[in-house]
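S.K.: Based on the provided sequences and hints, a complete structural model is requested.
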Amino acid sequence: MGKKTTYEKMAERIGTLEEEYTERQREMDEQQKDQEKYRAIFDRNLHCIFVHDFEGNFLDANEAFLNLLDYRRQEISSINFATLIDEDQMPKALAAIEEIKRNGFVKNFLEFKLKKRDGNYVWVETDSSLIYQNGEAYAILGVARDITDRKTTEKSLRQSETRY
1 MGKKTTYEKM
11 AERIGTLEEE
21 YTERQREMDE
31 QQKDQEKYRA
41 IFDRNLHCIF
51 VHDFEGNFLD
61 ANEAFLNLLD
71 YRRQEISSIN
81 FATLIDEDQM
91 PKALAAIEEI
101 KRNGFVKNFL
111 EFKLKKRDGN
121 YVWVETDSSL
131 IYQNGEAYAI
141 LGVARDITDR
151 KTTEKSLRQS
161 ETRY
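Counting along the sequence shown from 1, when you hit position 71 you're at 71 in our numbering, and nothing is skipped either side.
These aren't lab readings, by the way, just hints derived from the structure by calculation. Incorrect hints may appear among the rest.
[Stated by the list, open to error] Straight-line C-alpha distance at most 20 Å; calculated DMTMM-like pairs for lysine to aspartate or glutamate:
no.: 1; residue 1: Lys107; residue 2: Glu125
no.: 2; residue 1: Lys9; residue 2: Glu20
no.: 3; residue 1: Lys115; residue 2: Glu125
no.: 4; residue 1: Lys113; residue 2: Glu136
no.: 5; residue 1: Lys92; residue 2: Glu136
[What the hints assert, rightly or not] Label-pair ranges, simulated between beta-carbon atoms:
no.: 6; residue 1: Gln32; residue 2: Ser78; range: 27 to 33 Å
no.: 7; residue 1: Phe105; residue 2: Ile41; range: 29 to 35 Å
no.: 8; residue 1: Thr6; residue 2: Glu36; range: 43 to 49 Å
Backbone N, C-alpha and C fix where the C-beta goes; we use that ideal spot for every residue, glycine too.
M.R.: Following this line, the structure appears as structure tokens:
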């Protein structure tokens, strides 16, 4: 009686499938926890965090970034950094993208003057790096902080020094 019956084979297969299902469910639960942790870090960060593709189309941004520029979350996919950056700063932005593609990150903090939704400007200091998906460079992750007050103070100081 060394041969297993069809019923025994089926029962074994069902047992294997149940184990595989349980393992897959555990992996999905872990991925869900990781995703929730990522969203919490991303969304609750006080610094501006954004993700854009290599053409400058924004893929995601946290509330700090959206609030700084006065945009809503549903508008993020229609924004390109070219619409936010002053024309004279575009060469610096494009050079930064090339450096990120080459090195995986920007070596120094960069300052950009960004146009808000209402047409006013804010200054930010940024740091950016590549995001990989399945081993391939996928997009650029940027972290920025508002330095408008500092830039305004520096400008006032320069004007004061010029007068005296």
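S.K.: Hey, Lys92 versus Glu136, does the alpha-carbon distance stay inside 20 Å?
M.R.: Violated - the C-alpha atoms of Glu136 and Lys92 are around 25 Å apart, more than 20 Å.
S.K.: Quick check: does the Cβ-Cβ distance between Thr6 and Glu36 fall within 43 to 49 Å?
M.R.: holds, 44 Å
S.K.: Does the structure keep Lys9 and Glu20 at a Cα separation of 20 Å or less?
M.R.: Cα-Cα ~16 Å, so holds.
S.K.: Kindly confirm whether 27 to 33 Å is satisfied by the beta carbon distance between Gln32 and Ser78.
M.R.: For Ser78 against Gln32, whose Cβ atoms are near 29 Å apart, the range 27 to 33 Å holds.
S.K.: Evaluate the given range 29 to 35 Å for the C-beta pair formed by Phe105 and Ile41.
M.R.: Violated - the Cβ-Cβ distance for Phe105 and Ile41, about 19 Å, lies outside 29 to 35 Å.
S.K.: Just to be careful, I want the Cα atoms of Lys107 and Glu125 compared with a cutoff of 20 Å; is the pair within it?
M.R.: holds, 13 Å
S.K.: Given the hinted pair Lys113 and Glu136, is their alpha-carbon gap at most 20 Å?
M.R.: violated, 30 Å
S.K.: Does Glu125 lie within 20 Å of Lys115 when you go C-alpha to C-alpha?
M.R.: Holds - the C-alpha atoms of Glu125 and Lys115 are around 14 Å apart, at most 20 Å.
Hint violations for this structure: numbers 4, 5, 7, all remaining hints satisfied.
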